[in-house]
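Since each chain sits alone in its own frame, please combine them into the complex, following the hints.
Residue numbers (our numbering), protein chains in the order written: chain A, 4 to 321; chain B, 2 to 631.
These are computed hints drawn from the structure, not numbers from a lab.
Bear in mind that the values here come from a model prediction, so they are computed numbers and not experimental data.
Treat each hint with caution, since some may be false.
So, partial list: chain B residues that the calculated Cβ filter (under 10 Å) puts toward chain A [unchecked claim]:
| # | residue |
| --- | --- |
| 1 | K240 |
| 2 | S326 |
| 3 | G423 |
All C-beta atoms, glycine included, are put in the ideal place defined by N, C-alpha and C.
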Amino acid sequence: MVNNFSKYRTNTHNDWCAGCGDFGILNSIQMALYDLKIKNHETVIFSGIGCSGKTPHFINTYGIHTIHGRVLPFAQGAKISNPKITVIAVGGDGDGLGIGAGHFIAAGRRNIDISYIIFNNGVYGLTKGQPSPTLRRGIKTKNSIHANINCNIDPIELAIVSGFTFVARGYSFDMKHLKNLMISSIMHKGLSFLDVIQPCPTYNDMIFNENNTGSNEHSSQSYYKLEDTNYDPVINKDDDELTQHKKLNKIFMKSRELGHKIPIGVFYQNNIIPSYHDRLNDIMINYDMIPPAFSQISDQNNNTTADISKLLDEVSLK
Amino acid sequence: MVFDHTWMIGGPQGSGVDTAANIFATVCALNGYKIFGKREYYSNIKGEHSYYEVRLSNVKVNSTTSNINTLVGIDAETIIRHAEDVVSKGIIIFNNDILKVKIDEIKTMDDYFNIRLKKYLSNKNKDFSVHGILETAKDRKVLLYPISLLDILTKIPKLTCRNYNSYRLLNIIYVSLSLAIFNVPFTSISDVIGKIFYSKPNVIKHNVEISKLAYQYAVDNFKIISNLKLNFKHDMLIKGHESIALGKIIAGCKFQSYYPITPATDECLYLESKKFINKNMVDEVTVIQSEDEISSICMAIGSSLTGVRSSTSTSGPGFSLMVESLGWAGINEVPIVITLYQRSGPSTGLPTRHGQEDLLFAIHAGHGEFSTIVYASGSIEECFYDAITCFNLSEIYQIPVIHMVDKFLASSIITCNKFDLGVIKIMRGKLLHDVNKDFKYKRFEITKDGISPRSKLGQHNGIFWNTGDESDEYGHITEDPLCRIQMMDKRISRLDLIIKNIPKSQQIVLHKLNEYCIISWGSTAGPILDAIKMLERINIKVGFLQIKLLQPFPTEYVKSSLCDVRIIIDIESNKTCQLGKLFKQNLHRDIDYYILKYTGRPMTCTEIYRSLKNIFNKTATKEMILTHGK
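This is chain B alone, in the form it adopts within the complex (with noise of 0.2 Å):
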């Protein structure tokens, strides 16, 4: 049987939800679940509502639901937010302190919420309060687990009381609490405090403490829920910015600079943070935090010049101030690989939230024509090894390369095998380490394949010139009309030659073949493969095309692929559609159905679920519009 239970805590931004979450998600993966979890937050330091899903199951789960199954909420506002979620049967724990607070009085309760709040209750006949919102979840036959906060706390010895008030002391509480009802051994949790907090002795014995009086508190008052016994083995609990990060220390990157921005900098301070090992000696990235986007990638490009593997990243306001050095790049035939986090746009839009906004403005980043490869990870396990294929095509194709993310990715976390560090190759391409002295180096030479042999700044016999000019083959400016037409074929020629020498593996991934097919790309994937998991359950079989290399576009590849599919249905977060366009624009082929979501919520899978059911069903529109999510 198929275990299914997403456990969400709620509260405060600061009130240590994500350590909660993480906490929760470790010792459940460590007790044979599989996890996926998933971060939302205000563009807030403290105060705003954050919340955290963590999903266990006991088959593989790529996405979250629309579904809770147990509430968890530090304070009122996420009862009030999302009790309306929680299914039947379903369990909320909270304080019953929070039934005295007024909806009202809430100040991070914006008008828009209370107004649909207000009509969702007086709909059902309830007082818009806490009590009113807790009796249509009683409705729905959830169960409602009201805890006496001050009962626990008054057993805490006073001594290791000193943070009474504190809501950081709360979290660990409440996970506590919820580890209790899934019959985890109370050992399990105290490993992970151990580990999470392992360079603190006092704050491990304090909330090893505290959890263990929680543990107990809810051993004694609560139903247990879960009698599941699990023997799984995972090998990494992982988060997509870990992922990449990892990736690029594997494939070589030495060079990262950056500019602070939500949701590119965890990845950025993860690289600056960890060192490991490189020929038997401790090494480490040189991570660069630079005045501005735009000095981050001339400073990425000025890396690269020395030979070195370089890198930034950023997220969509960053890389608008990029583009123009991108074409420096382009036209000089630089390897860089800019890792673009995309989130809601336009301008700041939802700058905490997820979107899949950036596809057309990556690919066509930059005036006048040049060279880029544009490719999306699906997964935070395809991050790891994408981020080495983008390094290794950069350097191959002397090209720019945008590896396209999301906060989806960067901020979810994962249950998966470990790495396979034996596949990875690193290839530099025509990188030269000697330059033959007795002809004189041409950087831009014309050659059979359209790329040049590479030298870098500092090579011995290897000088050259770069400018953002067109150039002869040394790279001095030249205005001649037929230098112009050599260079510019030589560039664009690149295109076809990635489209032939990618293996095909890595430009589509091919999940299924059906009647009824998706298209999609990047994050998107997750949901999507979960959803058609579900269909299956009833019987219903549709298939799935996710597309990984978005330029150059691979028409052919994508066309037999789908000749004998009869319905396409292209699944984006955004609100144009634009992977449907870049289909339409390289196929001819129209889409039969769109499924977008743009409320800078990532779709569950249960929203993917219900409308490819309603094009089975023949009730679909053409355009489906999801809005799940707070």
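One chain only, chain A, in its complex shape (with noise of 0.2 Å):
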């Protein structure tokens, strides 16, 4: 079958192993494209560090491969100044959640119009295979010399309180619901974050079994998707504050489920906080209609057009 998504590939050589939980977060990032028939130049890929990285290169969309834990504030600096451009920012656990977290944080309490997904492993690979700060405690993992001995961090409940107004969780092996969890993060006006639990082949190869008959550690674990139950993540305009504080302590509760069955899908929907460029529109005049990288800054004569004459009579004598 010709990929009717080809047009968001690269010929770039793609080096991660084998059967990496990647591959299917990297398809179902294209597909997404494709189906919202987003223009290629108006995207961009931020990316941290690890094998995820890699991915814009992989993209035929423009590309920044970041520094490690930093993808986000690198993601919002561009998006507060053009718009117009669709971001997705995406990054691993380690980098996300370990070195970036204080990012993480403030990125919710933001808002801004954003995808932020996470390729979720447990462990580093890139370094080959240090305990991330999502694996939990008393796991071992195969280069790992002891069993984790650090307490996990939950990315569901963290977005959650940390302010993102979209908080999802896919599994990267089923595709296509990835693919749709990918196109609503896309569409909400906010900050998105996609939790994607994949497997790192090499180092924790927790695959997701729908029957429980794995025999790897990780593999007792399967999921189900929340879509198929009746709960209901969405938070709008016209829930009253009871109602709203009711849905919030069911959201959390469902963020916190045990067991071996884990619920992917969307957690959380949040119609009713303003993003980031709403609360920009309303303390700078002209913000929406020309943000920074629409606004002329020379005429042909490469004179300046800022005017400062008031700003000068403030500190002028006469």
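In structure tokens form, the structure reads like this:
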């Protein structure tokens, strides 16, 4: 089959391990962009460091492979200056929740309209399998010396309390489901978070097994889809304060759900909290009409177009 | 005749010292005096000792001196700390209540100072008391102007006097007393009060009434010290951080991210609060307060990738955090401007004090090898033009620019001519507004001059990739050894281009050349220029070469400028002679004398004058460490 989303591909050699969960995520991003008919040049993929950091090089859009833990600040700076671009930020669980955890929380408080995808495999793969912040305590991965002595962070729960307004979990080998989550997250006006469970076939091969018959350490787990239940993740304008409160309680309960079957799908969608774009537009007069990237700063003779005479009056002695 | 008078007001932080000094400086400037003012304060919100010196002259002044002509103490501590600097025939204005204050009981007076003070007073056979301090001043023929605040305050009608005990009221009293002895018309005081509190009519009314009472009190009780009639018309009275911010606005900087830090925050808040006109529309700079300085620089880089002139401002601790990302901007050839307001380090150091300690750090910031420009401004006026130059250089050479300023520049104030906007050009280098669709765009295309056409995020046909890894011409990761050479050479080669292309006058300011010649950088230029003028009055001539472009270092130009110079004197505000090291490394030439200061207080022209005189009198040591200032 000729991939109809091939225009979102580059010819760059992909050096991920065979069987890596990253492939499913990469394909889902390309399929989502295709389905949404987003123009290549109007899309920017930002990434952190690690195997997932290479993602932008495989996608034929603007691709900005940044430094470890800082993908969100780069992405936010770009989106604030040019709100017309579609910004997708990707990174590993160590990148986003270890070294970059401070930015994760701060980004939540802003609610800038970008989609952030964490490739969650529980290990630092590219440095040969050290435990990451999402690996549960007591679990020993293939290359680690001891079982993990740290407790894990739940990315879903952290995203909700941090203020992300769209929070979902996907599974890298359920690409159709994942693609749909990506479409929803890109469409959402505000900061979206997508926690994608994926195996690292080399260091932490945690493949979900729908029949619970797996033989490796993690495969006793399987998943179910939230949309197959009567779970309601959406907080709307029509919800009164009490309803919002009740819904939020249920959402938190769901994010903390334990057991062999992990929920995937949309956990939380808040349509009330204003995006950062709207907040900036409230405090700045022409932000929406002329955001920084569309503002001219000089004329054809290279003279400045900024007129500061009022400001000079304030410091003048006349 | 040269008129040179330093007025100083001091008081606890939060007592309105800053406002008082601003009123004083503005009124004096309106009355024709040339002004240089400087603010000193502790890292504290309320209570610690802060002071503001305003130097008045009929010639241009660029620094403060070591002397005080009029000392005004809102509290006892100001008198205790500064009385010894008041010159013969100078004046001390104080509330006579402070004679009752016991020095030991002032909690903000530290033991280190008190021990030195005890020694000083016992050497002069005086008591360890305010009285003893005033006695030493009297012995030097200092005029004491005790006032009775109670007398003035009781004359204030009860209704307007709700803040009877408030310091906020005292500052107006002291400033009005001072201005009366300078014989400035009262109307100019009330005008300035009106301008400063323009949004609060009640405050204006209240302050003007109090001011009038104090002014009259001084007229009745004190001798007038200046009858100078000056006809200068200055255009502006401006602070360093305002000058930089205005430069950024003119340069077209549309995005600034920052994390709160002294003394960079003032500039950011100024930018955030001001509106201007752009193409007949109200315009603003998008100012974002980020979660830390790492985020600040990353956001600025992200913004710059969209083709926006972007900047961040910080001081040493913040810049330390930014360094990894600086390297990313370097390898990806992203133009950004980092305004680095130096203060005393290391670590938190003296967080509200001055220093020039980050030169070598700025030059070497980042692992691996990449190109940056390090550019230093020497005066408040230069800050404006240089801020614009930095953005131009940054875009022309697609390179991060570190604009070095400091706390001294940031919080000083000066009278100067209106900025000449006619000389300003916005040069954006190879930024593309259209990309030819017939060729596949390569962001890092190998070109003759080593600089590639620059697309921006969102641009049609201009798709590119960036990575912190070594990359090929498209921006995709490569570990090919020959490609590595090509790319490394491309990035580093622009340093030669910069030296070749930047006008010489923007690389170095050759103030004067003489057998004895000073080299320096940054804000120390101010006190140096004033010290040189002082020496000229006793017929000693010293040259001065101010280096603005510090990376890449203009070795050949400096070398040729100094070829006839016999004695080189390096003056800078740090311990380890950082410019001296850079100079020696590049010119293979020795420095003859060092004049250094690292107390956190800027050099005064008096200190530099004395040290230079010692050099001429052959009584100087190779390294002279300056200590003046409280």
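Hint check results:
1. The beta carbon of B:K240 is positioned within 10 Å of a beta carbon in chain A (closest approach about 8 Å), and the interface hint is therefore held.
2. With a least beta-carbon distance of about 6 Å to chain A, the hint placing B:S326 at the interface is held under the 10 Å criterion.
3. This hint holds: B:G423 has a C-beta 9 Å from the nearest C-beta of chain A, less than the 10 Å allowed.
Hint violations for this structure: none, all hints satisfied.
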